[in-house]
Structure formats: structure tokens, C-alpha cells
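S.K.: The chain contents come next:
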Amino acid sequence: MRVAMTVWGDRVSPVLDCARTLLVVEMAGSKVVEKALEYVEAGYLPGMIRIIRKHGVQVLICGAVSQELANIIETCDVELIPFLAGDAETILETFARGQSISAFAMPGCRCAGGCRRRNDWSTLKTSGDRSR
Amino acid sequence: MTTSKTPDSITSIATEVVLESISDGVFTVDHQWRITSFNRAAEEITGVPRDEAVGRYCWEVFRSNMCEGDCALKRTMKEGKSFVNSSTYIVNSDKRRIPISVSTSLLKSADGKVLGGVETFRDLSVVEELRRELSGCVQLGDMVSRNRTMKKIFSILQQVARSDSTVLIEGETGTGKELLARAIHTLSDRSARPFVAINCGALPDTLLESELFGYKAGAFTGADRDKPGLFVAAEGGTILLDEMGDTSPAFQVKLLRVLEEREFQPLGGIVNVRTDVRVIAATNRDLSQMVGDGMFRRDLFYRINIIHLHLPPLRERREDIPLLIERVIPRLNRLKGKAVSGIDNEALALLMSHDYPGNIRELENIIEHAFVLCADEMIGVRHLPAGIVTLEDSRRGERPAVTTGEIPKLEQAIRTTEAEIILEALKRNDYNRRATAEELGMHKTTLYRRLRTMGIKLPDRDGRSVRQHLAK
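Protein chains in written order, with full-length UniProt numbering: chain P, 1 to 132; chain U, 1 to 472.
No lab work stands behind these hints, which were simulated from the structure alone.
Do not rely on the hints blindly, as some may be mistaken.
Okay, the calculated beta carbon distance ranges per label pair [unchecked claim]:
#, chain 1, residue 1, chain 2, residue 2, range
1, U, Asn199, P, Gly9, 44 to 54 Å
2, P, Glu26, U, Asn199, 15 to 25 Å
3, U, Leu115, P, Thr90, 53 to 63 Å
4, P, Glu26, U, Lys108, 22 to 32 Å
5, P, Glu34, U, Ser101, 39 to 49 Å
6, P, Ala36, U, Val18, 26 to 36 Å
7, P, Asn71, U, Gly55, 28 to 38 Å
8, P, Glu26, U, Pro330, 41 to 51 Å
9, P, Glu26, U, Glu128, 38 to 48 Å
10, P, Thr90, U, Ser191, 36 to 46 Å
11, P, Glu34, U, Arg318, 30 to 40 Å
12, U, Ile13, P, Glu34, 41 to 51 Å
No residue lacks a Cβ here, since even glycine has one placed at the ideal position from N, Cα and C.
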């Protein structure tokens, strides 16, 4: 499974709308087996979508995202897991192991409708088949 | 306001009370960028409760577009200078972008030791909204609107344009599908290359194919030399395939292949030609409905329906009518060498109540008609087409306009009734002339003659779609 995350240094980028770096990883079993960094123009979503399509990304993990951009990304058949914060590698490893990543929710987002409406944090695990 | 460590003094209490009562958000950070205090307004603006914010990195709470790049607080901490009213936006917990202005300064102790930084921010949502209301409209290329749906389209158009994805534009005839397609092209990275538009519904299959893909010499009688098609003409640019819903199943198969393989074969050719053209499809029909009815290929629909934009008809954006008239009048003044300054209230009220089956194109035609007759400064009801006046009068239950001298009362009553019956039949049949004539039991040419005699002008609307529907 290909998973992408918008990163800022070694952490999740705070806002997807103006993220500049995309970390694309290949997950096999419960491990991250391959990584690639891609750079995009800040705020230029089409560039990010091109990278997502090029790598066949199925899941995009990111920080805060505006509703407009979330809608556009979801039309690209990509599962969006927004409003996460913390160390990128730790989150990806937790996700690869199929464990809940709810502990990495941004402040104010655990109960906020905006980020929970689509994603129930307790179900954000890699268990089961995510291939489309 | 909760602080990590507050001196126990009256000044401190007063400061806390003030900070809690103001409408500007305020937070402080330490040298590790962790939030040490967070006031009530900050909670409200960001949607983050104070107990969750304190102790977290400021960018995880504040979530501004400048966190990753040009952070004002970072500059303050680095340069020791204050910054006032930097404009930016944050994304709150409800995924809403909130426009804000930000001011930053150093947080110092009484003895001048730097403890961290302070950031104050003001929610500018209302100011922005008022500014938009005052300017009233959003303009994009040749398109202008005050309408909410249109503004939504305009707001995402730049991203749509730069995505290079295939776009499907749906909307009734005259709603501005080609203008929107041109705007997408102009905003895209392909803007320096050609924009080519073709009406697919107007041409039979073979002609459409030769127009799009070109042909080789000898492909058919009269083809004495190679002719490149529109895909070649639009190389590197954008092609608008208008009236996609009117194409045949056979053509849909060929187009699907071009979209998937990015190559085509000219008529009579044996070598495939690679193409790099962005395709924008437009239709005045409901393609998803057509797919359901088996009248349009499902695979092609999904191939072109990557980004879907629906243009509302003019009757659903009536607030734009005065704005559109304001824009048409100066253009026609230049073209016609006139000095019309506007439209009077009565005429505007009439135009506001019209349904515009022909949408913006119909409105422009009406104004152009009025220009021909208008020798005054203002366009009035008398300058509008008789059909509009008649239709509106009929809707109000009044008599149609009488344009010729004195008419005896009985004859006038007969004509009024006849006009009402014809107008009602036209409305029931979606202004399809043949269906109306059939319902009224008269020949189509008779209907045309009666309409002409009564001065009823019909909307410039293609009734073929209705005919096809009836035939089905």
C-alpha cells in the first residue's frame, strides 16, 4: 500500500493547503519498506495531485486541511486522514502496524466534527485490505 | 487566561481579566515554541480548547499558512522586532479557512529577560465578508457573478485549471460553458498554446471525426491532400468538446480511446498520432441520467467526469441580471456607437421576472434588441422585444401587448385568448414548436405564422433534445 504524508522537517506539516514536501512510503506487511521525498510548490495542489497519482497513493496523511482542498483530494480516490500532528516516522510506523493513530490528533480535533466526520480515529488502522 | 506561571499581583490579575475580555486571540510561546497561555478569543477563533492548546507546539494549534514558511513569531524571536498586522489565514477545527491579521512581539520579564513570544490575531472573516459584499461580485475572465454557486466555481477554478485533469461542464444552453472553458484554459499552464472549441452535436459522425482527427489524402473522394484535425491544431493546449451528450455511441468509443491512449488515427491513416491536449467536455444534458438510460457510455462518462462543474441557469442566479446588463451596455455602446446609460426600473423589473430559457445569451440578445430601438439615454419597456413583454403580461394574467393601432374589442379578446392558449402549450412542451403544434392540432408552419402575427418572440432554444426524448 502506498501512503503519503505532508511533512515539515521530521514532523507532519501543519497545514496541507500550503505544504511543500510530500513523503511517499510503501508499506508491506506491518513495515515501511520504501520512502521517497517529493517537493511541491506551496499552495499548488495540482502539483501535489500529480505526485499522488504518479505514485499511486491510496492514503494521504496530513495536518489541518480546508474543506475545499479536502473535497478535491477525495475526488482523486485518495483516502484523506487529516488533522494529525507529531513525528512523521512514528505516525507512519504506527499506521503500518495497524494500530490506532488517534493519539496523534491535532489539539481540538478529537471531538471536532470537521475531522471526525469522515474518519473515526479508532478505525484508522491498516488492518484489513485497503487496496482498491 | 491560564498561564504556566503568573506573578501573584494585582497587575497580573488585571492583565488576565483584560485578555479574557478582548475579542482578539492572544497566545504566548516559550523558547521551544510550546504554547504557555491561550486566551478565550483564541479558543473561539481556532476552535481549540485552552487545555488542549497549552503545552503543544504553536503550529499544531494555530495552523496558519505562514507556520511552515514566513512565520512572523519566528522572525520576532530571531530579530527581536515586533510585527504588526500581517495578513494570513488559519485552518480551524471545522476545516474552515479563517482570514486573520497577526501581530507579534517578544515576551519579556520585568528585568528584560526574553521569556518567549506573544502573538495576537484578529478574525477578519466579517471584514472580508463585508468587503466582498461591498464589491458585490466576483469576476473571472469574462465571467462575473454575485451568485453563491458561481463564486464557489470561481474559487476553485485556479486549482482546477492547473490540475490538467479532464473537466466536464454541465449547464443549460447560454449559461457560459465556453466562457468557463476559456477561463480554465487561460488560467492553466497551457495558456500560451491554442484553445480550440467544437460543437460535437452539430456535425455528423464522419465529419466530426475528420474535423477532430484530420484525414489523409485519398481517405475519401475529394480528400486530395492531408488535413490535420483540431487535436493537432490544439497540440499542447486545450480542446472544448461542446454538446458531448449529442454524440453517437460510435464516436464515444473513438473518443474514449483517444482519452485513454492519448493518441488517435487520422481518417485513412495507418499510423497513430500522439496528442498532448487537455480535453474539456461540455453538455446541456444530464450525462449521468443519460448513462442510466443507456444513452451515453458509462466508461466515457467516468473518463471525462474527473472534475465536474455545473453552471446554474440564469433563473437561479437572478441577482446577476443587473450586473450582466451593466456589463453588456458599455460593450454595446462601443460597438453601436451609442450612449445608452442604463435601463429604467420598470424594464429591469420585467427582465428580472423573466425565466430566460436561453439564459445569458438570451439576456444579451434582449439588450441588443433594445439598443436597436433605443434612441434615448435609458432603455425602457417599449424598447424590449414584444415577446418578453407579452410573455410577462401573460404570466401576470394580463392581455398580451397590442402593437397595431385600434383593434375591435371582440377581435382583441379572441387574440388574447389565442395567445394565452399558445403560450401555455409552448410552456407545457418546453418551447418545442413541433410538439406544441401537434398538441394544438395545427401544422408547425401555421403555429409559426400565428406567433409572428401576434408578435410573440420565442426564446432562442433548441428543441431537438425534447424531440429525441419524445421519440424515445
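S.K.: Does each hint fit the structure? Answer for all of them.
M.R.: Taking the hints in turn, this is what the structure says about them:
For U/Asn199 and P/Gly9, the Cβ-Cβ distance of about 53 Å falls inside the hinted range of 44 to 54 Å, so the restraint holds. With their beta carbons about 47 Å apart, P/Glu26 and U/Asn199 fall outside the hinted range of 15 to 25 Å. Range check, U/Leu115 to P/Thr90: about 30 Å between beta-carbon atoms, so the 53 to 63 Å window is missed. A C-beta distance of roughly 49 Å is found between P/Glu26 and U/Lys108, which places it outside the suggested range of 22 to 32 Å.
The beta-carbon spacing between P/Glu34 and U/Ser101, approximately 44 Å, falls within the hinted interval of 39 to 49 Å. A hinted range of 26 to 36 Å for the beta carbons of P/Ala36 and U/Val18 is inconsistent with their spacing of about 51 Å. Evaluation of the 28 to 38 Å hint for P/Asn71 and U/Gly55 yields a pass: the beta carbon distance comes to about 33 Å. A hinted range of 41 to 51 Å is violated for the C-beta pair P/Glu26 and U/Pro330, which are about 59 Å apart.
The hint said 38 to 48 Å for the Cβ distance between P/Glu26 and U/Glu128, and at roughly 43 Å that hint holds. At about 44 Å, the beta-carbon gap between P/Thr90 and U/Ser191 stays in the expected band of 36 to 46 Å. At roughly 56 Å, the beta-carbon separation of P/Glu34 and U/Arg318 lies outside the given 30 to 40 Å, and the hint is violated. Separated by about 57 Å at the C-beta atoms, U/Ile13 and P/Glu34 break the suggested range of 41 to 51 Å.
Of the numbered hints listed earlier, those contradicted by the structure are 2, 3, 4, 6, 8, 11 and 12.
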